[in-house]
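Chain residues, written in single-letter form:
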Amino acid sequence: MNKPAPIRDQRRDARTIRSRIIIAGLLSVLAIAILLAQMVRLQVVEHQHYATLSHENRVKVAPVPPTRGLIYDRNGRILAENRPSYQLVITPERVPDLDATLAALRQVVAISDSQLERFQQQLQRSRHFEEIPLRTQLDESEVARLAVHRHRFPGIEVNARLVRHYPEGTYSSHVVGHVGHITREEQRRIDRAAYRGTQHIGKSGIELAFEALLHGKVGYERVETNALGRVLRTLERHPPQPGHDLILTLDSRLQRVAERALGDSRGAVVAIEPASGAILAMANRPSYDPNMFVEGMSRERFRELEETGWQPLYNRAIRATYPPASTIKPFVGLAALEHGVITPEKTIRCDGTYRMEGRERPFRCWREHGHGDVDYHRAIAESCNVYFYDTAFNLGIDRMSTFLAPFGFGKPLMADLEGERSGILPSREWKRGAIGQGWFHGETVITGIGLGYFSATPLQLAAATATLANRGTIVRPYLVETIRDGSNGSESRIAQTTPHKRIELNDSTYWDETIEGMRQTIAHPRGTGRLIGHDLPYSFAGKTGTAQVAERGDEDPVEHEQRPEHLRNHALFIGFAPIEEPQIAIAVVVEHGGSGAAAAAPIARAVTDAWLLGDLDQLEKLEAGRIDASAVEHEGGAPPGSTP
Amino acid sequence: MNRVALSDSGGTNIRLSFLQARLHLDGVLLTALIALAIFGVAVLYSAFGQDWAQTQQQIIRVSIGFAALFVFAQIPPRTLRRWAPWIFTLGMVLLLIVIAKGVIGQGAQRWLDLGFFRFQPAELMKLALPLVVAWLLADADVPPRATRTLLALALILVPTTLIAMQPDLGTAVLVAAAGFFVLFLAGIGLRWIAGGAVLLGITAPLLWFFAMHDYQRARVLTFINPESDPLGAGYHIIQSKIAIGSGGLFGKGWLNGTQAQLEFIPERHTDFVLAVVAEEFGLIGVAQLLAVYLVVVGRGLYIAAVAQDNFCRLLAGTISLTFFIYVLVNAGMVSGLLPVVGLPLPLISFGGSSLVTIMAAFGILMAIHTHRRLWA
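Going down the list, the sequences are from chains P and F. Counting in our numbering, the first sequence runs without a single skipped number right up to 646 at its last residue. Counting in our numbering, the second sequence runs without a single skipped number right up to 447 at its last residue.
No lab work stands behind these hints, which were simulated from the structure alone. As the structure is a computational prediction, the values presented were derived from the model and not from experiment. Backbone N, C-alpha and C fix where the C-beta goes; we use that ideal spot for every residue, glycine too. Watch out, some of these pointers could steer you wrong.
Distance windows between CB atoms, simulated [what the hints assert, rightly or not]: (1) Pro276/F to Glu83/P: 51 to 59 Å; (2) Arg262/F to Leu28/P: 20 to 28 Å; (3) Ala195/P to Phe321/F: 28 to 36 Å; (4) Gln122/P to Thr160/F: 38 to 46 Å; (5) Leu292/F to Arg43/P: 52 to 60 Å; (6) Gln439/P to Lys172/F: 38 to 46 Å; (7) Ala195/P to Ala138/F: 28 to 36 Å; (8) Val164/F to Arg43/P: 46 to 54 Å.
Computed footprint of chain F on chain P; a stretch qualifies when at least three of its residues, placed anywhere within it, have a C-beta under 8 Å from a C-beta of chain F [said to hold, decoys possible]: (9) 11-22; (10) 25-37; (11) 139-146; (12) 474-482.
One-sided and incomplete, this derived list gives chain F residues near chain P with beta-carbon spacing under 8 Å [stated by the list, open to error]: (13) Ser317; (14) Thr329; (15) Val357; (16) Leu365; (17) Val368; (18) Asn381; (19) Gly388; (20) Leu399; (21) Val400; (22) Ser406; (23) Leu409.
Work the whole structure out from these sequences, hints included.
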């Protein structure tokens, strides 16, 4: 045989392929003929047989939704459970006259217009033989009345099913979150098969973040039905796997104490166990009742909630950022000690103002006529701005932001909840990236007292305080302590297993010097937090902070109490106790609360008392004898021109 | 290049319509495909229990499919031929990545996540393999000689094995079938075909015992005797046959199939959609549907027959036959003639990526027909 010539015998090639194409075509026709023959056999010859089978076809596969996992606090108190709830359902197919039936039903039980509207919407979407809920949460008397009138309403049934219930109500609602009806958008996102028969899905908080674990696995049963689709008997059952239970680090009692201590003010409290990072309390005010969302609420009610303007659904503890103000001073102090900018003994003279070259207006201390010569302890205890202006200036922004970063500023800390904000840890790089400008010296100075661009979430403040309490051991805050398998009860801890990182200082006494300053804040007669130092049965290290909201004019000093509420200062407090063996680290922020000493510190004291003394009555004491706010001076004023 | 061949191969008096010359579309194929797509949407609307939202999704997918068809129709077959080895290489690399990901511990995977969409390399292989085998065989006389045939077999077996490892036996068999169609059309001798049959007879039992997963074995067993397991794997076939049989000659009417509407037919909007057709439109409907499919395949084979070179002939013929195999296997499975292998009914079943592949293939088919040279 020769090699293939450049010009091949195309005619022969074409013939070869065409003959094969003809064979293939004939085979195709033959195959179709066989298929058609089979169809004729099924649809014509055996038609009667299959028609009968189809008519008798009554075995259906019905989904059995799993029970949602429960959520407990650290003491086994229930935070989210499933309660039986009665609902009125209608199978449209079996109702002779739907409009008349609906009208008659409204005589028997209360059905609002919006409920009727929702029913009509679902009616469009559903198949006519499927049950559609009309009224949920029927009470006992309504169930009884329906039972009496049942004969009048074919196709109407009362079903009992499990519905999510939050026994703590408004307490801890931001952490636990809530479930709600699955929306169409969510339908698109989820695995529809896994949610067959399930009506609710996690919408916020732990309920949202741990949806995959809480939901469980859907089961199936094969049921025999009559001609109308009514179930006659169950042939086979594959039970669903219940969702996993979650045991949180929260103590619901402490949570209550914290939320009630916040009272009517807006703000957040975060309490952390320093040794582990376990979040003991994460309180937010204003709050909301998650139970309202489970079965959906009326539009009017939702608007009402929105219109308070204070965003009650917002988890301030992780999603709101505030200037840390003077609460940053202990951390800046540590940085300065570490870099040798100051020593504990070195004093700086404060005459009420701090002047910087090239700046006409001086930076001010909150105490108009100054603190005189202040050493490190006094600077913290009395929150001297001038001391920290000078210290920050000498430290410089680069060393400051590098030192503060491992404490957790400027980055989200937690995996257990969605939507955590990172706040801002100011630095040259940050400013260039976010604002596109170079850094100014004046900005270093106000960063040193936690103002300017600086912002942090209450959680970040609490976590940084925990690191301080640990003398450098960094813990990661977390909320879910244990996951319990719903089907076999086996437990797995998801608390961190990796060893904690540490912040190592050249001289570990720097920790103690700083903590001593924080002790004096509360214990010393001139400390800004002295108000909560009375009758203190344990050692307490703390730091107050007041973040200016409106600019304080030099000429026209409006008395703070006379300002409209939204222009009043944010009140902050951080602290931990006992100093020797810290068991709780806490951060409190009260929006527009006035001064940290008066508005935030007492809340922290109430929470630490409750935790360390088990004294839940402390709360009542606090509520009874409201501490006189005017007794304490304001501190932590911002320099003119800064907008914290 | 082969001026002689052109005039010799009967390509005289080629006349192209406006649709063919300007848009590179083929009227007959396009009409049939549009008819199938519209019918498919109507059937799915019923199979979805009249859920318009999901039906819309199918409309979007079909539209994307037609867009793919249009794009591929613009590519001259010469270009495709030049690209063939590279497309195949790309397909192999992607397949290896998927396998590697599976080995590294993400479990069995068929998908590659490209960020904005997920992509199944096996889909690409459905086109790449016939392309490369056609490219190989068109380079010399047909029928191919032994070395070339063996080379082609190797090209077929390597990707097929990889796909089977994913594991996706159904797709593997179909990709292999596409490769064999090229060989068949190229006119390989009877002894090759007989040899292949013998080899299959030997490997089938080996596959059964060593390569197949339990669920795959269950499907075959159920096929042999569906009534043995009426609530398990056999449920599909029994319910499907009841739906088809009860449809009778004229069907129960659109949206009125009790088997479909009461959700007795499993996978009624994907693999078993033909059962819905048979129940609601009867034997008349099924026959019409199969007739349209036959028109599509017939037109495809005609395009292959009048194509101007071996590459185009082999490719066009293979695309048509592969498409037909899809219809045949799906219809055979739904009507109880073949085991359940999990294959969609082209253009009717709900599903995205395989639809795009099929439409792209039709685009190539149209390109082959409309990029012919016009000299007489």
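Status of each hint after checking the structure:
Distance hint check for Pro276/F and Glu83/P: the Cβ-Cβ separation is about 57 Å, which falls inside the suggested range of 51 to 59 Å. The hinted range of 20 to 28 Å is satisfied by Arg262/F and Leu28/P, whose Cβ atoms lie roughly 22 Å apart. Distance hint check for Ala195/P and Phe321/F: the Cβ-Cβ separation is about 34 Å, which falls inside the suggested range of 28 to 36 Å. The given range of 38 to 46 Å is broken by Gln122/P and Thr160/F, whose C-beta atoms sit roughly 58 Å from each other.
Leu292/F and Arg43/P have their C-beta atoms about 23 Å apart, which leaves the hinted 52 to 60 Å range violated. At about 45 Å, the beta-carbon gap between Gln439/P and Lys172/F stays in the expected band of 38 to 46 Å. At roughly 30 Å, the beta-carbon separation of Ala195/P and Ala138/F lies within the given 28 to 36 Å, and the hint holds. Between Val164/F and Arg43/P the Cβ separation comes to about 47 Å, which falls inside the hinted range of 46 to 54 Å.
Using a Cβ-Cβ cut-off of 8 Å, 11 residues of the region 11-22 of chain P lie near chain F, which meets the minimum of three, so the contact claim holds. Check on the region 25-37 of chain P: 8 of its residues sit with their Cβ under 8 Å from a Cβ of chain F, so the three-residue criterion for coverage holds. Residues of the region 139-146 of chain P lying with their CB closer than 8 Å to a CB of chain F number 0, which falls below the three-residue condition for coverage. Requiring three or more residues with a Cβ within less than 8 Å of a Cβ of chain F, the coverage given for the region 474-482 of chain P is violated, as only 0 such residues are present.
Contact between Ser317/F and chain P, as hinted, is supported at the beta carbon level, the nearest pair being about 4 Å apart and thus within 8 Å. For the restraint placing Thr329/F at the interface with chain P, the shortest Cβ-Cβ distance is roughly 6 Å, inside the 8 Å limit, so the hint holds. A hinted interface residue such as Val357/F counts as satisfied when its beta carbon comes closer than 8 Å to some beta carbon of chain P; here the least separation is about 5 Å, so the hint holds. A least Cβ separation of about 6 Å between Leu365/F and chain P falls short of the 8 Å threshold, and the interface hint therefore holds.
Residue-level restraint check for Val368/F holds (minimum Cβ-Cβ distance to chain P is 6 Å; threshold 8 Å). At about 5 Å, the closest approach between the beta carbon of Asn381/F and any beta carbon in chain P falls short of 8 Å, and the interface hint on this residue holds. For Gly388/F, the shortest C-beta to C-beta distance to chain P is roughly 5 Å, which falls under 8 Å, so the interface hint holds. Interface hint at Leu399/F: satisfied, since its Cβ lies 5 Å from the closest Cβ of chain P, which is below the 8 Å cut-off.
The interface hint given for Val400/F is violated, since its Cβ lies 10 Å from the closest Cβ of chain P, which is over the 8 Å cut-off. With a cut of 8 Å, the hint placing Ser406/F at the interface with chain P holds, because the nearest CB-to-CB distance is about 5 Å. Residue-level restraint check for Leu409/F is violated (minimum Cβ-Cβ distance to chain P is 10 Å; threshold 8 Å).
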